[in-house]
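> Listed below, chain by chain, are the residues.
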Amino acid sequence: MMSQTQNTQATVSDKDWEPKIVAFLCNWCSYAGADLAGVSRIQYPHNVRVIRVPCSGRVNPAFLLRALQNGADGVLVSGCHPGDCHYISGNLVARRKFALLKELLQYAGIEPQRVQFTWVSASEGGRFAAVVEKVVEDVRKLGPNDKLVKVL
Amino acid sequence: MTPSHEIEARLREAAEELLRDKKVDLFLGYEKASLPFRTSPAFLTMPEEARRLAWNPFCTANLAVYLPRLFKAPADAREAKAASPPPAVGVVLKGCDIRSAVALIQERQVPREKLVIVGVACPGMADRRKAEKALGEREALGAGEDAEGNVRAVVEDGTEVILLREEIVAGACLECRSPTPSIHDVLIGTPVEARDPGAARRQTDEFESKTLGARWAHLQETLSKCIRCNACRQACPMCYCKECLLDQTLPRWVGTSTDISDVTIYHLVRAFHTAGRCTECGACARACPMGIDTRLLVRKVSQEVEDLYGYRPGEAIDAKPPLSAFAMDDSQDFLTEP
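Here the protein sequences come in this chain order: A and B. With this note's numbering, the residue at position 121 of the first sequence is 136, and numbering never jumps. With this note's numbering, the residue at position 26 of the second sequence is 211, and numbering never jumps.
Derived from the structure by calculation, the hints contain no laboratory data. Quantities reported herein were computed from a predicted structural model and do not represent experimental measurements. Treat each hint with caution, since some may be false.
Calculated lysine to aspartate or glutamate pairs in the DMTMM-like style (CA-CA distance at most 20 Å, straight line) [what the hints assert, rightly or not]: (1) A:Lys112 <-> B:Glu489; (2) A:Lys112 <-> B:Asp514; (3) A:Lys112 <-> B:Glu491; (4) B:Lys315 <-> B:Glu345; (5) B:Lys217 <-> B:Glu233; (6) B:Lys427 <-> B:Glu201; (7) A:Lys149 <-> B:Glu522; (8) A:Lys112 <-> B:Glu292; (9) A:Lys112 <-> B:Glu233; (10) B:Lys395 <-> A:Glu152.
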């Protein structure tokens, strides 16, 4: 954890800072969508670090906060479109969680663009690339995340 | 407003009867503590003990917090064999406490059939800290109550000081929307009207009218006082998890230090975990030794749940908690579209 934090500091002071995005992608749709973007050779920003999760419903808000604390500039969570969930309703339960989380963070004073949620299906390689592009652009405009980062 | 001594007498009567008729094995209420402006929880098992029960403006504690521990499920088959059957419990609950109990029943932490709810229509409890502050340098040696519900405090030199009830009412009680118990087996006291049902929303609206940066600065300033004692978690009737996410070490999701980043994440996670469950009893704020407004974030989450999913916790036992449910047409305006 120590080294991660130090890395962040180095990035922040760096003039050619690049946003660091952690993306939680569901195994069944969004991860496959990202894979399709890759095999279709669609170009998208390299700022995104993908973490594969079984379902967007698996994503605990604490994961996102922990990512931001450890130096991510933004977090993206993507799951199957409503109705397409491999576990029938995981994404629908997640939708309520994310709606509240986003409101809460905004209320607490954290830029809403730091945490983003979307749906990407397995056939939407192009959409995945477009979403990543948008998230990276949003976070680039905000600059480095200095709010929840733990500085030792 | 029913006078306190009348409520106290009727509480004792009810407790004695329940214990004598063996309708309950345990009766949970308040008794006088050794210091003025305070009460302790009383755990009664014999009818003769009923006279220990007290009712005064300082019966602030939410007794629903003890309920999940009384009905803890056995950990394994061997423990289940050795376990005695769950007790029947009589418990004194105010309007907000009852809503906590209802939420616990919904979450299957407490069996309704084992519970005898003695509801008290609550006129709003006094805040110990506000009372102490009103006395200033002087220290109270004793406290009583006059006919209007104001607190009579006896200070060191033997003089009596009257503290007006409205001036020392606890913060959560000022915002209270349901002082009269919704669900009960016995109801004591005449129903009470809410003081100012819009108070909580006004506070969040005011906070929200600030800029993003100002909100963050305010939050950081408030939370910088936090010493991470976890009292707000322990006092909350809804925080009963056997292993709390905040205590997990493999992996450790939330740091335990008083670093402002760890503190902020702790409070964000705590607020989030009360979504659709917080009954606004204010136990967290009263428990805080540093006087932090622990409800700053929680208040917002509750209102958001109400706005988005039309749900207010603790109103009906058969209602489905919003975060264990979904609707196909839930709002998703917050999603990122490329």
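> A separate judgement is required for each hint: does it hold in the structure or not?
Against the structure, the hints:
{"no.": "1", "hint": "A:Lys112 <-> B:Glu489", "verdict": "holds, 11 Å"}
{"no.": "2", "hint": "A:Lys112 <-> B:Asp514", "verdict": "holds, 15 Å"}
{"no.": "3", "hint": "A:Lys112 <-> B:Glu491", "verdict": "holds, 14 Å"}
{"no.": "4", "hint": "B:Lys315 <-> B:Glu345", "verdict": "holds, 17 Å"}
{"no.": "5", "hint": "B:Lys217 <-> B:Glu233", "verdict": "holds, 16 Å"}
{"no.": "6", "hint": "B:Lys427 <-> B:Glu201", "verdict": "violated, 33 Å"}
{"no.": "7", "hint": "A:Lys149 <-> B:Glu522", "verdict": "holds, 8 Å"}
{"no.": "8", "hint": "A:Lys112 <-> B:Glu292", "verdict": "holds, 18 Å"}
{"no.": "9", "hint": "A:Lys112 <-> B:Glu233", "verdict": "violated, 49 Å"}
{"no.": "10", "hint": "B:Lys395 <-> A:Glu152", "verdict": "violated, 26 Å"}
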